[in-house]
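> Construct the complete structure from the given sequences, taking the supplied hints into account.
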Amino acid sequence: MSRPSTTQIFLVIAVLATVPLLTASNVVLNFLIVALLIALAGQGWNVLGGYGGQYSFGHAAFFGTGAYLTAILQTRYGVNAWGAFALGIMGGALIGAAIGAVTFRSGLRGSYFALVTLAFAEVLRILASVAPITGAGVGILIPLDLRPQAFQFQSRAPFYWIVLALVAGSLIIVHRIEQSRFGAWLVAVRENEDAASALGVDATRIKVAATAISAAITAAAGGFYAQYFLFIDSGIAFGPWISIEALLAPIVGGIGTAFGPLLGAFVVKALGELAKLATGDAPGLDLVIYGSVLVLIVAFAPRGIVGLLADLRSRIERLRSSVLQRAHG
Amino acid sequence: MLSPTILAPAILNGVLTGAVYALVALGLTLIYGVLHIINFAHGALLTATMFAAFFAHRLLGLDPYLAALVLTPLFFVLGYGLQRFVIGPAAHGDDRNVLLVTLGLAVVIENALLYAFRADTRTLNLGYAFDVVDFGIAFLAVPRVVAFGVALVVALLLWLILSLTDTGKAIRAVAKERLGAELSGIDVAHIFAVTFGLGTACLAVAACLLIPTYYVNPHVGNAFVLVAFTIVVLGGMGSVTGALLGGLFVGVVESLCGLYLGESLGQIGIFVMFILVLLFRPTGLFGARA
Amino acid sequence: MSHGSGWITRRRLLRTTGLGAAAAATGLVSAPAALRAQGSAVKLGVLHPVSGALSYSGQQGRLGATIAIEEVNAAGGIKALGGAKIEPVLGDAQSTPEGGNAEVEKMNAAGVAAIVGGYASSICLTASQTAARYDLPYLVDVGVADNIVTRGLKNTFRFGPGFGVIAKTALDNLVTINDQAGKPAKTVMIVNEDSLFGSGLAKLLNAQLPERGFHVLETIPHPTPTRDFNNVVLKIKAQNPDLVIPANYYNEYVLLARTMQQQRVRPKGIYSVLGGAASSYKFVKEFPEAAQYIMDCNHWFDPRNPKALALKKKVDDRGEFYTYEVYMNYSCVLLLADALERAASAERPKIIAALESSMFSEQVMPYGPTKFVNGQNQGAAPVNTQVLGNDIQVIFPQAFATAKPVFPVPRA
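Residue numbers (the numbering used here), protein chains in the order written: chain A, 136 to 464; chain B, 8 to 297; chain C, 61 to 472.
One thing to keep in mind: the hints can contain errors.
[As the list claims (entries may be wrong)] Think about it this way: if two alpha-carbon atoms lie no more than 20 Å apart in a straight line, the pair counts; the simulated SDA-like pairs of lysine to any residue are:
hint: 1; chain 1: C; residue 1: K345; chain 2: B; residue 2: L131
hint: 2; chain 1: C; residue 1: K263; chain 2: A; residue 2: L262
hint: 3; chain 1: C; residue 1: K243; chain 2: C; residue 2: D232
hint: 4; chain 1: C; residue 1: K297; chain 2: B; residue 2: I18
hint: 5; chain 1: C; residue 1: K295; chain 2: B; residue 2: I13
hint: 6; chain 1: C; residue 1: K345; chain 2: B; residue 2: F62
hint: 7; chain 1: C; residue 1: K295; chain 2: B; residue 2: I144
hint: 8; chain 1: C; residue 1: K263; chain 2: B; residue 2: L272
hint: 9; chain 1: C; residue 1: K295; chain 2: B; residue 2: I18
hint: 10; chain 1: C; residue 1: K295; chain 2: B; residue 2: A145
hint: 11; chain 1: B; residue 1: K176; chain 2: B; residue 2: L190
hint: 12; chain 1: C; residue 1: K295; chain 2: B; residue 2: V22
hint: 13; chain 1: C; residue 1: K295; chain 2: B; residue 2: D141
hint: 14; chain 1: C; residue 1: K297; chain 2: B; residue 2: I144
hint: 15; chain 1: C; residue 1: K297; chain 2: B; residue 2: F146
hint: 16; chain 1: C; residue 1: K297; chain 2: B; residue 2: V140
hint: 17; chain 1: C; residue 1: K342; chain 2: B; residue 2: L133
hint: 18; chain 1: C; residue 1: K295; chain 2: B; residue 2: L263
hint: 19; chain 1: C; residue 1: K297; chain 2: B; residue 2: T12
[Unchecked claim] Under 10 Å between C-beta atoms, here's a sample of chain A residues computed to sit facing chain C:
hint: 20; residue: N161
hint: 21; residue: S369
hint: 22; residue: A417
Read the hints as simulated data drawn from the structure, not as lab findings.
Glycine residues also receive a C-beta, built at the ideal position from the N, C-alpha and C atoms.
Next up, the structure:
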């Protein structure tokens with residue numbers, strides 16, 4: 136479960152892909168699209184935070200880069216929506232590499248690294264709130280143009296399949312990382328950077344590369360957000376909310392695992408909805424329940440949902456083998 | 008450019024604001040230095056203390072400066088309990104889980120306040136809130152001058168506690184070497200809780216100092232959190248002196264950047280300076296190891 | 061706390077969106093009933109950011125909408141539909157566009173005939189767009205961004221004025237008030253929050269004030285939230301403008317006004333545009349000295365309209381403040397009820413048609429005759445108010461004025 140095979144990934148995606156065929160409810164589709172969007176952003180975080188062991192509190196920097204590039208290139212420079220989206224991903228990767236290079240070369244690690252990323256995200260947010268090109272305080276509205284060429288669709292289903300495809304792509308990337316030497320180096324750096332360096336691993340280069348990949352994935356989520364909601368401003372694009380969601384999903388789901396962000400995103404979003412249903416409309420009460428359950432989840436599933444399932448599995452295994460032993464013994 | 012008539016008061020204002028930032032950051036830096044956790048709930052706890060300070064006046068008629076004497080021990084106890092019975096047990100000692108727990112707590116506290124007290128912005132209209140001290144070059148509001156003084160006193164007290172008392176030494180021991188401290192017989196869980204309690208107590212003081220000139224609503228603490236984090240790292244995590252000087256420094260930087268770049272863009276000054284300091288001094292101005 | 065029993069019944073009512081969502085999740089898409097049984101309720105989505113950063117405004121908006129619904133129902137419901145009652149379907153936008161979006165989906169699945177609210181422009185933009193997928197009429201309560209009504213969406217209507225109209229009116233009225241007082245004001249400083257309306261307004265003012273004979277000394281943008289206004293006030297003090305023009309939200313405005321009082325800064329006048337607190341009873345009540353003589357150009361009710369005053373009394377009696385979110389939402393619901401009567405149907409296309417041709421005149425706002433062009437009510441306009449004594453009076457235009465402007469501020 137923690138290191139899925141390509142087949143397992145394919146199966147999960149295939150099952151998820153059938154959802155729009157089974158329900159016409161836009162309530163459900165919208166919920167799933169947002170959950171998948173968060174899963175995508177979270178998977179990006181997971182590459183750097185889970186596999187790389189470097190917690191970032193500023194992934195909004197990459198999300199916002201993807202979102203703004205997608206929006207600005209389309210609205211101000213007439214670039215085709217898909218092209219703008221692709222450029223947004225590349226821009227995200229570049230920003231990621233830049234931030235990574237600057238911070239890792241200075242030897243920043245751990246909490247210091249986390250807070251520096253927060254500072255970078257805030258710098259970008261403030262710049263976006265005053266710069267004319269981002270529309271400053273007004274934000275950017277992408278004009279309604281419901282054609283596939285413009286990356287907009289009349290129905291929700293194509294959006295769903297696209298974000299699902301992006302999530303699938305991110306799963307493949309993570310899978311490749313798990314199987315590759317790069318991944319091994321990354322994990323080695325995570326576990327003990329000094330030892331890894333002593334063995335000849337260029338820790339800084341590895342970490343920078345991981346940041347670039349991580350940023351690209353989260354930037355894709357940002358670009359998708361822009362196309363789905365058609366409106367962004369500095370608070371939406373670079374705000375702390377997405378930095379938090381991007382780390383919440385993988386940690387709740389199972390940090391450093393391929394399916395962690397996906398599971399975590401679903402659980403966290405579903406929790407929010409259930410809390411709303413349970414409490415009616417007294418303002419804030421649903422979030423009190425949400426926060427409390429979050430704390431409980433951490434208390435009872437310290438290695439995330441994936442860890443919980445793995446524990447469950449090994450317990451079932453032990454139960455099975457002890458039953459078999461007794462039967463045969 | 009800008010004449011001394013504006014520059015001098017701006018710097019003084021920055022110092023006064025910075026003192027309150029420092030107080031908020033003091034709690035955070037202690038908590039980080041000892042527990043090695045980034046307390047995401049700090050902003051929400053500040054909000055809670057501000058509500059307490061507000062209601063102390065509204066319901067009990069207690070002037071905020073007097074209320075501080077009551078609220079500080081109260082919130083020390085609350086903070087102690089929070090760490091001992093909620094955060095510690097839930098996190099199972101795993102740092103990243105503490106992050107999530109404090110995040111969850113922040114959501115709970117903020118929204119419980121929203122649910123209980125609604126979203127209205129509340130302010131206290133105290134007589135002395137508009138009094139100013141004439142320093143010649145500047146009019147400085149009395150509550151802010153008082154806040155500056157009290158912040159310095161609190162920082163000094165904290166420093167004394169850490170240096171001279173047994174508990175303080177135990178705190179420093181746990182901060183430096185948790186396992187060693189435990190093996191020496193120090194009750195680490197208790198020390199963690201005491202530290203957290205001290206952190207929350209600092210917030211209670213900060214709240215009482217802020218409430219005469221500021222306002223309170225369920226989201227008010229959030230405005231201070233990022234700045235507080237910045238100060239903690241800038242000053243060096245775990246350093247009381249660092250938090251105080253860092254706070255004053257950030258207050259002045261914020262003020263001057265606001266003056267020259269405008270209040271909106273000026274906010275960038277804090278974060279840019281923060282990034283620069285860290286790139287050249289990764290452990291902060293007064294910090295120990297990363 | 062003044063929730064009262066009204067909140068408890070709302071809890072039951074929200075279950076309809078929950079159940080509607082659950083029903084929808086099993087694959088049944090609930091379409092708006094083409095044929096409604098005589099006398100059965102008409103569902104109305106009431107969407108506001110009641111949690112999150114905008115929660116106060118959201119709660120006030122919800123208050124206004126629900127009072128209007130109660131009144132319509134008490135008066136016999138929608139008579140053209142056999143006395144059908146309006147059933148509110150409350151939704152919390154959680155102060156984010158995604159939140160608003162999700163609620164619109166749920167409201168649609170619950171079969172609402174229309175949606176009222178949104179409050180923030182960003183929420184209104186995305187929510188109305190989603191509603192457009194289902195031809196679901198969307199009535200914007202406050203959101204002033206001009207692009208809300210310029211997207212060519214047939215379902216989106218705004219009863220109140222948009223940003224462009226507000227800014228222009230504010231400027232015109234300022235010039236008139238200044239002229240009438242003998243032109244005491246020449247120099248101006250602008251203090252604006254840096255999002256949509258603040259920065260847009262500052263831009264407009266900077267372009268047009270010089271043409272009208274004013275000299276803008278400086279424009280000071282600031283973020284929301286801003287923790288401290290001492291530097292801003294220092295600059296104002298140093299340059300001593302005749303007029304200060306603030307455009308910001310409640311909390312920041314209060315801090316600014318208090319700091320100005322602290323630093324003894326007293327310009328000849330404070331002329332706020334869409335001021336967060338300048339025309340707020342709460343501000344006047346809590347800071348009477350700091351609030352004196354402040355002028356505002358903002359959303360306001362018609363002070364000569366007995367219905368508006370009756371609503372004010374109702375809100376005051378509940379222990380709430382009579383803020384613009386309340387009466388703007390109140391008006392939107394009455395507008396919709398009127399459309400339902402004229403359409404004699406709860407079908408969405410018919411409601412949209414009724415709104416398009418609406419000449420609704422039973423409202424409480426100081427507007428000209430109702431006429432929707434591209435979804436924007438052409439009659440909508442802000443008015444000028446001033447805090448005089450312990451009350452807020454309308455000082456301009458004459459048709460709605462209850463007092464004469466006091467300008468420049470008398471020197472103490």
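> So, for every hint listed, does it hold in this structure?
Going down the list of hints, with the structure as the test:
no.	hint	in the structure
1	C:K345 to B:L131	12 Å, holds
2	C:K263 to A:L262	18 Å, holds
3	C:K243 to C:D232	14 Å, holds
4	C:K297 to B:I18	16 Å, holds
5	C:K295 to B:I13	7 Å, holds
6	C:K345 to B:F62	18 Å, holds
7	C:K295 to B:I144	14 Å, holds
8	C:K263 to B:L272	17 Å, holds
9	C:K295 to B:I18	13 Å, holds
10	C:K295 to B:A145	13 Å, holds
11	B:K176 to B:L190	15 Å, holds
12	C:K295 to B:V22	18 Å, holds
13	C:K295 to B:D141	18 Å, holds
14	C:K297 to B:I144	13 Å, holds
15	C:K297 to B:F146	11 Å, holds
16	C:K297 to B:V140	17 Å, holds
17	C:K342 to B:L133	16 Å, holds
18	C:K295 to B:L263	12 Å, holds
19	C:K297 to B:T12	10 Å, holds
20	N161	5 Å, holds
21	S369	8 Å, holds
22	A417	6 Å, holds
Every hint, counting from the list given before, is met by this structure.
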